[in-house]
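K.L.:
First to last, the protein sequences are chains A and B.
Heads up: the first sequence runs through residues 1 to 380, numbered per our numbering.
Heads up: the second sequence runs through residues 381 to 502, numbered per our numbering.
Some hints here could point you the wrong way.
[Stated by the list, open to error] To give a feel for the contact side, a few chain A residues facing chain B, derived at Cβ under 10 Å: (1) Met1; (2) Arg3; (3) Gly138; (4) Gln235; (5) Ala236.
[Unchecked claim] Label-pair distances were calculated between CB atoms; the ranges are: (6) B:Gly492 with A:Asp267: 50 to 60 Å; (7) B:Asp463 with A:Arg97: 39 to 49 Å; (8) B:Asn388 with A:His57: 26 to 36 Å; (9) A:Ala246 with B:Gly492: 41 to 51 Å; (10) A:Tyr74 with B:Ala392: 18 to 28 Å; (11) B:Asp463 with A:Arg118: 43 to 53 Å.
[Said to hold, decoys possible] Chain A is nowhere near these chain B residues, computed Cβ spacing over 12 Å in every case: (12) Arg397; (13) Gly408; (14) Cys421; (15) Ala423; (16) Asp449; (17) Glu450; (18) Leu461; (19) Asp465; (20) Glu475; (21) Gln479.
Don't read these hints as lab results, they were simulated from the structure.
Everything numeric in this text was worked out from a predicted model, so none of it was measured.
Every residue, glycine too, gets a C-beta built ideally from N, C-alpha and C.
Okay, here's what each chain looks like letter by letter:
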Amino acid sequence: MRRAHIVGAGNTAFGRLEGRTPLDLMAEAAQRALDDAALDRTAIDGVLCGYATTLPHLMLATLFCERFALEPAYAHAMQLGGATGAAMVMLARELVRVGRCRNVLVVAGENRLTGQARDSAIQTLAQVGDADFEVPNGASVPAYYALLASRYLHETGLTETDLAELAVLMRARAAEHPDAHQRTPITVADVLASKSIASPLKLLDCCPISDGAMALVISADPGRRLAAAIVGAGQAHRHQHLSAMADVLDTGAAIAGRRAFDEAGFDRDRIDYLAIYDSFTITLAILIEELGFAPRGGSARRARAGDFAPDGVLPLNTHGGLLSFGHSGVAGGMGHVVEAFRQLTGRAGARQIPRRTCAFVHGDGGVLSSHVSLVLQRED
Amino acid sequence: MSTVTSSNGFAAGLAEREVRYQICADCGHVQTLARLACRSCGASRLEWRRAAGTGAVFAVTVVSRAPSDEFRALAPYTLVLVDLDEGCRIMGHAEPGVQIGQRVVADFFDHGGRTLLRFRSP
Ligand SMILES: [Zn+2]
């Protein structure tokens with residue numbers, strides 16, 4: 001099979017972007033990705049786009065193509081919650097590998113912050129819960145993750161202070177990114193003192209809701225600039241609802257990761273950059289630990305030791321993650337892939353870290369329900 | 381063959397102030413949620429049974445930020461996942477102060493036109 005390469009990335013700023021629509025945000029990110037890849041729009045023969053809660057259209061990919069003047073040979077939207085971005089990159093790779101497409105545009109964006117009332121956004125998201133057994137209780141996504149957190153802390157000894165450490169880390173990274181939603185530095189004390197949302201989670205343990213878009217181009221041809229190959233991918237889907245998650249120490253993340261490494265043909269020890277989904281601090285802690293990048297209960301200890309810092313052994317989410325760069329739905333999860341690609345290929349500007357060769361990306365949707373892992377490799 | 385087609389078994393149970401769960405007629409596996417197949421053996425002959433309503437708290441949170449006006453009036457409220465003695469897990473409200481591992485029993489309250497679960501100390 002052919003090799004698939006990430007050859008370009010683009011993004012809008014994240015935050016409160018008054019007056020913007022999902023389509024024009026997507027178009028801005030897509031144009032930047034095409035420019036970065038040095039490809040003309042006519043070269044795009046595949047389009048994958050993420051769903052938008054503020055534009056629940058039946059044919060979002062086709063609609064976007066019409067507005068953005070694309071006529072691909074293959075196009076559709078995808079819905080897999082927060083895992084959608086990584087899953088689209090995985091599918092784009094498959095389309096390239098089998099020869100169906102040569103250049104796939106992966107794009108997502110929405111005005112999730114300004115396009116709807118806050119209650120409306122929170123209630124839409126809560127529908128990842130069960131309509132009869134969970135949602136009627138007045139549960140919300142933060143409440144599901146809070147329940148999960150209570151059990152995870154109970155079983156592993158991880159503490160609320162540990163969770164706060166991860167929020168501080170993401171904010172420090174976002175402070176270095178001009179496009180990030182929340183850039184004001186915070187301390188562990190600030191996180192612990194922020195108002196409770198659903199115990200043990202406080203406001204600063206939760207990602208913001210943002211407007212914004214992200215795009216990537218995945219190609220059969222690595223192009224003239226430095227590219228990153230997608231050398232492994234894997235998924236796991238073990239439950240939809242928290243009530244059906246049998247074991248908080250076995251959510252499916254490790255299974256997806258194993259599948260990606262098996263395909264890559266090497267293991268965790270080769271990874272020198274981490275791009276891990278972080279809708280809440282507890283999400284980040286559980287994923288880092290289940291994926292084996294820290295011992296159980298030990299993710300914050302590694303953060304405190306500096307391991308996840310830009311100059312550490314395993315830099316993590318150097319754009320600030322969902323927790324501080326921001327979360328505009330599918331684009332939020334794509335942000336991790338975009339930043340991994342930029343760091344691997346020397347495109348990160350003032351944030352550029354010393355040479356990295358191998359990135360591990362993990363996205364999750366629902367309540368750690370759907371998992372997608374990717375292994376990216378710098379191509380020299 | 382009594383194939384389960386909806387979650388009415390659970391909702392109907394709540395209306396009668398009963399906690400109901402599914403049991404597989406083929407292998408005896410028990411499960412919550414309105415599934416269409418047995419998680420253990422894949423069989424589709426699932427029956428609704430009445431649970432005793434007793435169990436142990438698996439997870440607990442106090443929700444301060446309610447998702448709607450309807451629940452803002454109740455905030456802060458306690459939500460739990462409870463492992464029922466029959467061997468399956470269910471979400472519900474709980475009295476304040478319950479802890480992970482604590483024994484609880486199901487009670488019921490009406491809110492917004494629905495009957496909801498509220499676990500309390502036995
Ligand atoms: Zn069975």
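K.L.:
Answer holds if the nearest beta-carbon of chain B is closer than 10 Å to that of A:Gln235; otherwise answer violated.
P.N.:
Violated - the Cβ of A:Gln235 stays beyond 10 Å from chain B, reaching only about 19 Å at its closest.
K.L.:
So, A:Arg3 near chain B? Judge it on the closest CB pair being under 10 Å.
P.N.:
38 Å, violated
K.L.:
Looking at B:Cys421 again, its CB stays over 12 Å from all of chain A?
P.N.:
Holds, because the least Cβ-Cβ distance between B:Cys421 and chain A comes to about 16 Å, which exceeds 12 Å.
K.L.:
Is the claim that B:Asp465 lies outside the interface with chain A correct, judged by CB distances over 12 Å?
P.N.:
16 Å, holds
K.L.:
With d taken as the least Cβ-Cβ distance between B:Gln479 and chain A, does d exceed 12 Å?
P.N.:
9 Å, violated
K.L.:
Examine each Cβ of chain A, and state whether all of them lie more than 12 Å from the Cβ of B:Asp449.
P.N.:
8 Å, violated
K.L.:
Using the Cβ atoms, figure out if A:Tyr74 sits within 18 to 28 Å of B:Ala392.
P.N.:
46 Å, violated
K.L.:
Measuring Cβ to Cβ, find out whether B:Glu450 lies farther than 12 Å from everything in chain A.
P.N.:
7 Å, violated
K.L.:
Okay, A:Ala246 versus B:Gly492 on CB: inside 41 to 51 Å?
P.N.:
Given range 41 to 51 Å: violated, Cβ gap about 31 Å.
K.L.:
Range hint 43 to 53 Å: satisfied by the CB atoms of B:Asp463 and A:Arg118?
P.N.:
Between B:Asp463 and A:Arg118, where Cβ atoms are some 34 Å apart, the hint is violated.
K.L.:
Measuring Cβ to Cβ, find out whether B:Arg397 lies farther than 12 Å from everything in chain A.
P.N.:
B:Arg397 is indeed farther than 12 Å from all Cβ atoms of chain A, at 15 Å.
K.L.:
Please verify that the nearest CB of chain A lies beyond 12 Å from B:Ala423's CB.
P.N.:
The claim holds: B:Ala423 sits with its nearest Cβ about 18 Å from chain A, beyond 12 Å.
When the structure is compared with the earlier hints, violations turn up for hints 1, 2, 4, 5, 9, 10, 11, 16, 17, 18 and 21 and for no others.
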